[in-house]
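Enquirer: Sequence:
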Amino acid sequence: MNSDLRAQAAQGLPTPLSLRAQFRLWRRVAMLVIAVVVLVPLHYLWRLFRLPSPWPRLFLGLAGRIAGARVQRIGVPLKRDVFYISNHLSWLDILALGGTSGTAFVAKAELATAPAVGWLAGLNRTVYVKRENRLGVAEQINQLRDALEENWAVTVFPEGTTTDGQSLLPFKTPMLRVLEPPPPGVMVQPVMLDYGAVAEEIGWIGEEGGINNAKRILGRKGSFPLKVSFLEPFHPRDFPGRKAIAAESRRRIETALVAALGKPLRPFAYAVDAVRYEKPPEEAGA
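Heads up: the sequence shown runs through residues 5 to 290, numbered per this note's numbering.
Just so you know, the hints here were simulated from the structure itself, not pulled from any lab data.
Incorrect hints may have been included.
Derived pair list, reagent style SDA-like, types lysine to any residue, alpha-carbon separation capped at 25 Å [what the hints assert, rightly or not]: (1) Lys-231 to Val-41; (2) Lys-176 to Ala-273; (3) Lys-231 to Phe-272; (4) Lys-176 to Arg-241; (5) Lys-219 to Pro-58; (6) Lys-231 to Arg-77; (7) Lys-176 to Glu-204; (8) Lys-267 to Asp-198; (9) Lys-225 to Gly-210; (10) Lys-176 to Leu-235; (11) Lys-225 to Met-35; (12) Lys-225 to Gln-76; (13) Lys-219 to Asp-85.
Here are the in silico distance ranges between beta carbons for each label pair [unchecked claim]: (14) Arg-77 to Gly-16: 30 to 36 Å; (15) Gly-266 to Val-42: 39 to 45 Å; (16) Phe-272 to Val-44: 32 to 38 Å; (17) Gln-26 to His-239: 47 to 53 Å; (18) Val-37 to Val-80: 48 to 54 Å.
These numbers come from a predicted model, not from an experiment.
Backbone N, C-alpha and C define an ideal beta-carbon position, used for all residues, glycine too.
Work out the full structure, taking the sequences as your base and the hints as a guide.
Expert: See below:
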């Protein structure tokens with residue numbers, strides 16, 4: 005993609021699509037619709053009979069492939085009682101991680117309004133975090149605890165926003181409060197996402213809207229590699245407190261990302277809105 009067009013997209017300007025790009029966009033949309041029509045009813049059928057449903061995971065993996073991602077899983081993901089902590093570039097992250105591990109997610113609330121993706125993420129038990137967080141973080145922590153009690157794998161993106169694959173923001177810790185103290189048997193596994201040479205093109209950054217980002221990606225030519233590296237897990241009791249857990253996870257992800265890029269990370273070039281959380285009731289007035 006032309007670097008000028010990428011910069012304009014980050015400024016919130018719509019990206020013009022050629023006729024060929026529009027054809028690719030609508031072809032992929034049609035394929036996604038077919039996948040929904042075939043697989044989502046099967047999911048509800050399995051739910052009707054209270055059977056474990058494999059269909060959200062299969063659909064997310066297929067949707068990522070339709071969008072152009074050729075996902076390569078590196079390492080071994082823990083399957084149950086695990087809290088994945090990952091860097092974050094795109095809504096495609098959810099398709100890739102969900103497809104490779106079956107995890108549920110904690111994601112920013114803006115994703116819930118993204119065309120189709122928000123609804124599909126909801127099928128996979130996504131817990132949405134609002135930037136202004138009118139619900140309060142305590143309620144969301146309770147949702148996470150319920151998820152972990154049901155032996156789900158849960159993924160958080162603690163940077164609080166999406167980046168360009170060349171940077172790694174400080175990790176925010178409110179959603180890691182669920183690990184204070186850690187539920188019995190729950191492990192933490194850092195995950196590093198690497199889009200390679202197309203990371204800056206794929207990244208959902210700056211003021212770009214979700215619809216424009218989806219059009220850009222679904223209209224682009226060809227496919228692209230996406231490496232999902234499940235790093236060595238650790239027990240959260242070995243790093244007591246959410247700040248220590250965040251720091252250790254970030255250290256491992258940064259080491260893996262620098263190795264993948266073959267160069268040091270750079271400062272993120274775009275302004276990042278503060279994510280303001282209401283204090284849980286026990287901290288009010290502290």
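Enquirer: If a hint holds in the structure, say so; if it doesn't, say that too.
Expert: For each hint, the structure was consulted:
1. Lys-231 to Val-41: This hinted pair is violated, its Cα atoms lying about 28 Å apart.
2. Lys-176 to Ala-273: 19 Å, holds
3. Lys-231 to Phe-272: 21 Å, holds
4. Lys-176 to Arg-241: Holds - the C-alpha atoms of Arg-241 and Lys-176 are around 19 Å apart, at most 25 Å.
5. Lys-219 to Pro-58: 28 Å, violated
6. Lys-231 to Arg-77: Cα-Cα ~6 Å, so holds.
7. Lys-176 to Glu-204: Holds, because 23 Å separates the two Cα atoms, which is no more than 25 Å.
8. Lys-267 to Asp-198: Roughly 13 Å between the alpha carbons, so the hint for Lys-267 and Asp-198 holds.
9. Lys-225 to Gly-210: 23 Å, holds
10. Lys-176 to Leu-235: This hinted pair holds, its Cα atoms lying about 20 Å apart.
11. Lys-225 to Met-35: 16 Å, holds
12. Lys-225 to Gln-76: 20 Å, holds
13. Lys-219 to Asp-85: Roughly 36 Å separates the two Cα atoms, so the pair is violated.
14. Arg-77 to Gly-16: 30 to 36 Å: Since Arg-77 and Gly-16 have Cβ atoms about 34 Å apart, the given range 30 to 36 Å holds.
15. Gly-266 to Val-42: 39 to 45 Å: With a Cβ separation near 41 Å, Gly-266 and Val-42 satisfy 39 to 45 Å, so the hint holds.
16. Phe-272 to Val-44: 32 to 38 Å: Hint holds: Cβ distance 36 Å, inside 32 to 38 Å.
17. Gln-26 to His-239: 47 to 53 Å: Given a distance of about 50 Å, which is inside 47 to 53 Å, the answer is holds.
18. Val-37 to Val-80: 48 to 54 Å: The hinted range 48 to 54 Å is violated for Val-37 and Val-80, with Cβ atoms some 34 Å apart.
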